[in-house]
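J.: Each chain, written out:
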Amino acid sequence: MPIPQTIRVNPLDLQGNIGLGVSLPFDGPSGPFNSTYSTKNQIKSNLINLLLTNKGERVFNPEFGANLKTILFEGITEDTSELIKELINFNVSIFVPEVQIIDILVSPALEYNNNSVSITIKYKLRISQDADQVTVQFI
Amino acid sequence: MADNNVSYLNKTFGEFRSNLVNYAKTYFPTSYNDFSESTPGNLFIEMSSYIGDVMSFYLDTCLLYTSDAADE
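These protein sequence lines are chains P and U, in that order.
Take the first sequence: its letters are residues 8 to 146, numbered as in my numbering.
Take the second sequence: its letters are residues 7 to 78, numbered as in my numbering.
These are calculated hints, taken from the structure and not from any lab test.
Careful: at least some of the hints might be erroneous.
What the hints assert, rightly or not - Per the computed footprint, the stretches of chain P lying under chain U, defined by three or more beta-carbons under 8 Å from a beta-carbon of chain U, are:
# : segment
1 : 12–26
2 : 46–53
3 : 62–73
Quick caveat: nothing in here was measured; it's all calculated off a predicted structure.
Glycine residues also receive a C-beta, built at the ideal position from the N, C-alpha and C atoms.
Start from the sequences, fold in the hints, and give me the full structure.
T.: Here is the structure:
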């Protein structure tokens, strides 16, 4: 007899009208702040917040951040791409443990004469196994 | 506001922050629920805590100088 698959859901997702937090970027239609109503959207904002924060920026929490700006002026090589992936994997596992990273794509953005880098992270939520992706561009 | 159980004993960043988190949990349970380290909402809680810490420091300094002047 097959074992039925159980679906795990965060309790906060069961009530659609309960606000979880604030989403990034701050450009809501009726004001700067948009509330999020699902853990999937909130975790996406949390990931963006982590990637855009450098270590030492947060007051009284100097360890928070992905530290990607430390490799700002490095050349876009295989080694740099691997370093970016290592930094993201390490810091996401500490600060956003709700997420399991599937793949990280690091590619130079052509529209800025190869002087910028675009990072796409494919991930899934550990609790519900929902897959999603987030792209951040460093110009 | 007296019924809102506001603590007037906070002095440090950490005390302000934990009290603001407790306040949000108590009075805004349907608007804000993510208190993880990486959430962007921490921006507002931590900025308020920072201001509270700085104001508390200046209040203590003012009181110190006032009491010193009174002693003289």
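J.: Hint by hint, note whether the structure agrees.
T.: Structure-based check of all given hints:
Here the segment 12–26 of chain P counts 4 residues with a CB under 8 Å from a CB of chain U, which clears the bar of 3, and the coverage holds. Coverage of the segment 46–53 of chain P by chain U holds [criterion: at least 3 residues with CB-CB distance below 8 Å; count 3]. Counting residues of the segment 62–73 of chain P whose beta carbon lies closer than 8 Å to any beta carbon of chain U gives 5, which reaches the threshold of three, so the coverage claim holds.
Of the numbered hints given earlier, the model fails none.
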